[in-house]
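*Asks:* Spelled out, the chains give:
Number of protein chains: 4
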Amino acid sequence: MADSRPSLRTYSYLGPRGTFTEAALAQVPEAVGQNWRSVNNVGEALDDVIEGRSDAAVIAIENSIEGGVSVAQDALATMPGLRIVGEYLVPVNFVLVARRGTTLADVKVVNAHPVAYAQCHNWMDATLPEHGHIPATSNVAAASALFENNLADAAIAPPGIVAHYDVDVLAENIGDNPNAVTRFLLVSKTTALPEPTGADKTSLIAELPVDRAGALLELLEQFSTRGVNMSLIESRPIGDELGRYRFIIDADGHIRDERVADALLGVRRFSPGVMFLGSYPRADKASITFDPKYSDDVFVEARDWLRGLITGEPEA
Amino acid sequence: MADSRPSLRTYSYLGPRGTFTEAALAQVPEAVGQNWRSVNNVGEALDDVIEGRSDAAVIAIENSIEGGVSVAQDALATMPGLRIVGEYLVPVNFVLVARRGTTLADVKVVNAHPVAYAQCHNWMDATLPEHGHIPATSNVAAASALFENNLADAAIAPPGIVAHYDVDVLAENIGDNPNAVTRFLLVSKTTALPEPTGADKTSLIAELPVDRAGALLELLEQFSTRGVNMSLIESRPIGDELGRYRFIIDADGHIRDERVADALLGVRRFSPGVMFLGSYPRADKASITFDPKYSDDVFVEARDWLRGLITGEPEA
Amino acid sequence: MADSRPSLRTYSYLGPRGTFTEAALAQVPEAVGQNWRSVNNVGEALDDVIEGRSDAAVIAIENSIEGGVSVAQDALATMPGLRIVGEYLVPVNFVLVARRGTTLADVKVVNAHPVAYAQCHNWMDATLPEHGHIPATSNVAAASALFENNLADAAIAPPGIVAHYDVDVLAENIGDNPNAVTRFLLVSKTTALPEPTGADKTSLIAELPVDRAGALLELLEQFSTRGVNMSLIESRPIGDELGRYRFIIDADGHIRDERVADALLGVRRFSPGVMFLGSYPRADKASITFDPKYSDDVFVEARDWLRGLITGEPEA
Amino acid sequence: MADSRPSLRTYSYLGPRGTFTEAALAQVPEAVGQNWRSVNNVGEALDDVIEGRSDAAVIAIENSIEGGVSVAQDALATMPGLRIVGEYLVPVNFVLVARRGTTLADVKVVNAHPVAYAQCHNWMDATLPEHGHIPATSNVAAASALFENNLADAAIAPPGIVAHYDVDVLAENIGDNPNAVTRFLLVSKTTALPEPTGADKTSLIAELPVDRAGALLELLEQFSTRGVNMSLIESRPIGDELGRYRFIIDADGHIRDERVADALLGVRRFSPGVMFLGSYPRADKASITFDPKYSDDVFVEARDWLRGLITGEPEA
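Residue numbers (our numbering), protein chains in the order written: chain A, 2 to 317; chain B, 2 to 317; chain C, 2 to 317; chain D, 2 to 317.
No lab work stands behind these hints, which were simulated from the structure alone. Among the hints, erroneous ones may be present.
Cross-link-like lysine to any residue pairs, in silico, SDA-like; alpha carbons within 20 Å at most [stated by the list, open to error]:
{"id": "1", "chain 1": "A", "residue 1": "Lys286", "chain 2": "D", "residue 2": "Arg245"}
{"id": "2", "chain 1": "A", "residue 1": "Lys190", "chain 2": "B", "residue 2": "Glu149"}
{"id": "3", "chain 1": "C", "residue 1": "Lys286", "chain 2": "B", "residue 2": "Leu243"}
{"id": "4", "chain 1": "B", "residue 1": "Lys190", "chain 2": "A", "residue 2": "Leu307"}
{"id": "5", "chain 1": "C", "residue 1": "Lys190", "chain 2": "C", "residue 2": "Asp56"}
{"id": "6", "chain 1": "B", "residue 1": "Lys294", "chain 2": "A", "residue 2": "Pro273"}
{"id": "7", "chain 1": "A", "residue 1": "Lys286", "chain 2": "D", "residue 2": "Gly244"}
{"id": "8", "chain 1": "D", "residue 1": "Lys190", "chain 2": "D", "residue 2": "Asn174"}
{"id": "9", "chain 1": "D", "residue 1": "Lys294", "chain 2": "C", "residue 2": "Pro273"}
{"id": "10", "chain 1": "B", "residue 1": "Lys286", "chain 2": "C", "residue 2": "Asn42"}
{"id": "11", "chain 1": "C", "residue 1": "Lys190", "chain 2": "C", "residue 2": "Ile311"}
{"id": "12", "chain 1": "D", "residue 1": "Lys109", "chain 2": "A", "residue 2": "Gln35"}
{"id": "13", "chain 1": "A", "residue 1": "Lys294", "chain 2": "B", "residue 2": "Glu242"}
{"id": "14", "chain 1": "C", "residue 1": "Lys190", "chain 2": "D", "residue 2": "Ile311"}
{"id": "15", "chain 1": "A", "residue 1": "Lys294", "chain 2": "B", "residue 2": "Gly215"}
{"id": "16", "chain 1": "A", "residue 1": "Lys190", "chain 2": "A", "residue 2": "Leu307"}
{"id": "17", "chain 1": "A", "residue 1": "Lys190", "chain 2": "B", "residue 2": "Gly215"}
{"id": "18", "chain 1": "C", "residue 1": "Lys286", "chain 2": "B", "residue 2": "Ile311"}
{"id": "19", "chain 1": "D", "residue 1": "Lys190", "chain 2": "C", "residue 2": "Gly309"}
{"id": "20", "chain 1": "C", "residue 1": "Lys109", "chain 2": "B", "residue 2": "Glu149"}
{"id": "21", "chain 1": "C", "residue 1": "Lys294", "chain 2": "B", "residue 2": "Gly215"}
{"id": "22", "chain 1": "B", "residue 1": "Lys190", "chain 2": "A", "residue 2": "Arg308"}
{"id": "23", "chain 1": "D", "residue 1": "Lys294", "chain 2": "D", "residue 2": "Asn230"}
{"id": "24", "chain 1": "C", "residue 1": "Lys294", "chain 2": "D", "residue 2": "Lys109"}
{"id": "25", "chain 1": "A", "residue 1": "Lys190", "chain 2": "B", "residue 2": "Gly313"}
{"id": "26", "chain 1": "B", "residue 1": "Lys294", "chain 2": "A", "residue 2": "Gly215"}
{"id": "27", "chain 1": "D", "residue 1": "Lys190", "chain 2": "C", "residue 2": "Asp56"}
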């Protein structure tokens, strides 16, 4: 699977093999049989896309427990030229793995990425009350470290790890929340919009134009006055000083939906510091519902009416 | 002054000669030297326009003391096909007139239109505490009645009356409020819009789509979220049952101003029951001021941005 | 029925006997058998109350076709010390009456109050296309004039007129809108509030504090953010200059309802120029419905919570 | 400095000695000379307070670059009975330290907490382009690890580290953003409110009552309609499913300010799922400015007015 095969598309993902991100990439239909490029972090994955080494990248954007993935949100906010073209959900289950022959009773020290460790906190405390913790840089690195040194006796890892490492699974489903899920985005440079499906999402990042009471309110009104629901709103510091934020917003609908387009116009007029990140099908395929008074034909009718008034045609 | 002169335009107004409406018509530059057609009421004046007997009509729409002229508001709301093309202000002064030879001391009974009578109430009570009042159908009819019967000794009339009747002026400026003014509209069937002047007004009539808490609020937000000020908002009963209203609105600006056009789009989407009555220069020629964030170029830029996103052009 | 009977209460109303206002007064339970004082206009009726000549007055405030009764609205706005304590609805039907022996075919000239005349316009045009109109100062005056001079052959009058004048009824139900109704208020000086009934109305008059985009919006938000519906909102010119308005508002609910009280607090903070006119049972006895999240116990719970926080009690 | 000295108050902080959190604790006047208790994480620090092992804890809550400290926000949201009583700002500077005798040229592998590492990314890439990175569990642990094994040649650490470890400082101010600052909170169990200072902040956490368009808007309006500015609003997943959030809000002002108290009432009525976290002096001591129409006396006057109406006192 080399970059030199020109007929294959390349997809960057947080590797190595076995990560949750790889599991997300496995859900991307058009990536099947293509070149999968493992990278070390979100920044590298998006750099690959911008600099043409990859056609697209899969990045984790939000965890149902941990919240937004700040580094991914900040990367999208500061790396222009990217577009979200797909969304995928991966259940977050963890297994405790060890070198062959190890038993639970042998486990004194556990290697684990801090986030995974936090999500298995209750299970670990109940099952291995005396354990120590060594932090790993990633979930897969926690497992691979078992074979690089003897610092840890076991590792917390994604279920997919067993396909890549010769480990014993000491326990399954050790995460504290059985419904935990991580949301991933497929990001490319294309500016061609996926077709509306009726179950779409539109992502953008907006800075507030001024720091005053009501500025955020005014931003949100751009959506509510057009009947557009937001499934996500998160603040991230702009980074220059305390108290200055940009907002990551996921709105229901597609930019080709009239109400969404009109909301975007309102946002743009309100704040020139707005980035459109894409309109793409929702992972959950849930159809967007909205008040019929915000349907496309209402917008079209109003525009026709206005045009008639301005051009002087008699009112129908 | 006959309708048969085809080269003249015809202007209907509430007559006869001497009314405040005639004074308003005298302010209309393009009406000078044209055919002035005196009618008996607002309905007749607007009927003349609709049926082609007149090119335009001048009607009183609001008095600074009495408020909106209901009959004119209701006529505009229910007679489709009309457009406001101009606005004129006439100071409301009254004189007390009588047949030649009459003195103030002779005055026992006064003929007056009820509205005029109300506006001179203080002066009348102070000067003629014992007088009786006979209602007249119009200000000029009050004066003309002096010559038709002997029921009244004097009449309250507009100052212009002296050009048309052989009367003595017993007192001038008898109105209780020296700043009283009446606003008149010039109404035609044209759908060609007057050019924007920077000091324009846009009039419309909107019905609330549903009778619920917040419906009026939602209507008003269509203006406020685009920085469009309203100089007038009046409710009028629709007439079918108590509690159902339409709203007469004068908004600052011209329909060719982007923020006004966008507000009209919002209003139309909110309520199909909206009538555009016209965009026309304000009588007071006061330039419209608005927050620069609602200027035309902001709207144009946002539209260009959106178009680029939808067509897939790279973002600037 | 003399003022000298000290044990009787006195009620002022727009007379004489036979008016719609008298019909409204007849609906006031506590006025039965008391002293009914006929006056010439709304101002006199309210003056009677303020100066103690009457205990209460009945005044017309709104007609389903003509809209708000401006003179009554303005009187309430400018005469402090009054309170609305009741509301009554009177169907607006008209009869055409004439001196005994007159037939429809005899009718050439009709005496009618201009408002009544306007409301019978269609019937008059269809039935008596050639008739002339003499304006009367009131509906009853139109009938009584039949016996004072021979200027008119018939009069438009309220149905109750037959109890007071020896007339022939030439036609009944001649009003153009069979559902027309006029709303009347019972006004007194008492500051004791009627008990809440669950079907109440609260009336107030508010001036906008400043003339800017959004001021009216901010006023209305005081109600909508507390889930309080408005059954009436009307603008009236303050009268000092064009473009300055006060707003007459009828809100659903009683001042002792928490959400109404809180809305009034908001209005008062927003505009010191607010007059509370009263909380009183609705004429239509329709129970007020509102979102349970604005119920009294929600307000009480929040206040208890806040008090605990401020006094330092541990949070429940 | 032992826990056994009963006359001393105990303050928990993220240790060990040398952390930024210790630098924050050093700013707390009342903590000088008291018992400082080093713990391993935010959860332990807050547990100490709840269970009475400490009188208060200092925790990092927001970094100007990284954003909100999720674990601290979530801990405050889920551990009832805590109150914020103070706020402190610590500039975030980093030094590169090594065992005595090491030079920059010797550095191949750097031990660093991932967040610190990210904040020194540019400097590291420019100065040590070939370096490797070993993650540490904390900034101080990065330094201490230098003396526990030979895995790393240098460590990124806070400037205060030199007081506790025998290291050479290879470089100072290696953070990429010279204005970086971290905000810390002092948290206790007291429910006694600090006195208002005119430069206060009020913190709360609110859940949206329903997942619908406009719910967040309605929450924010509780503040904006009382002229209360928010210096912080952050969403955090509630954790039960994707798309459900709670909001962490810092509002300008003190709960004893009328406008803040009224906003809290509105928030509580809107969402019973609201936690008041405290009103306390701002670290930056910047006086709160607000529109005079939201001043205390306006609230008091309105309340007096309402009380008079309800009790039946004549209106002033």
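*Asks:* For the pair we were handed, lysine 286/B and asparagine 42/C, check the Cα-Cα distance against 20 Å.
*Replies:* Roughly 40 Å between the alpha carbons, so the hint for lysine 286/B and asparagine 42/C is violated.
*Asks:* When you check the alpha-carbon spacing of lysine 286/A and glycine 244/D, does it fall within 20 Å?
*Replies:* Within the cut-off at roughly 15 Å; holds.
*Asks:* Please work out if lysine 190/D and asparagine 174/D have their alpha carbons no farther apart than 20 Å.
*Replies:* 37 Å, violated
*Asks:* Between lysine 294/A and glutamate 242/B, is the straight-line Cα distance small enough, at 20 Å or below?
*Replies:* 25 Å, violated
*Asks:* Please verify whether lysine 190/A and glycine 313/B have alpha carbons no more than 20 Å apart.
*Replies:* 11 Å, holds
*Asks:* Quickly compare the C-alpha distance for lysine 190/B and leucine 307/A to 20 Å and report which way the hint goes.
*Replies:* 17 Å, holds
*Asks:* Under the criterion that the straight-line Cα-Cα distance not exceed 20 Å, is the pair lysine 294/C, glycine 215/B satisfied?
*Replies:* 16 Å, holds
*Asks:* Sort out whether leucine 307/A lies within 20 Å of lysine 190/A, counting only the CA atoms.
*Replies:* Given that 20 Å is the threshold and the Cα spacing comes to 37 Å, the pair is violated.
*Asks:* Verify the proposed pairing of lysine 190/B with arginine 308/A, using a straight-line Cα cut of 20 Å.
*Replies:* Within the cut-off at roughly 18 Å; holds.
*Asks:* Lysine 190/D and aspartate 56/C: Cα distance at most 20 Å?
*Replies:* 60 Å, violated
*Asks:* Verify the proposed pairing of lysine 286/A with arginine 245/D, using a straight-line Cα cut of 20 Å.
*Replies:* 18 Å, holds
*Asks:* Has the given pair, lysine 294/A with glycine 215/B, been kept, meaning a C-alpha gap of at most 20 Å?
*Replies:* 16 Å, holds
The structure shown violates the earlier hints numbered 2, 8, 10, 11, 12, 13, 16, 17, 18, 24 and 27.
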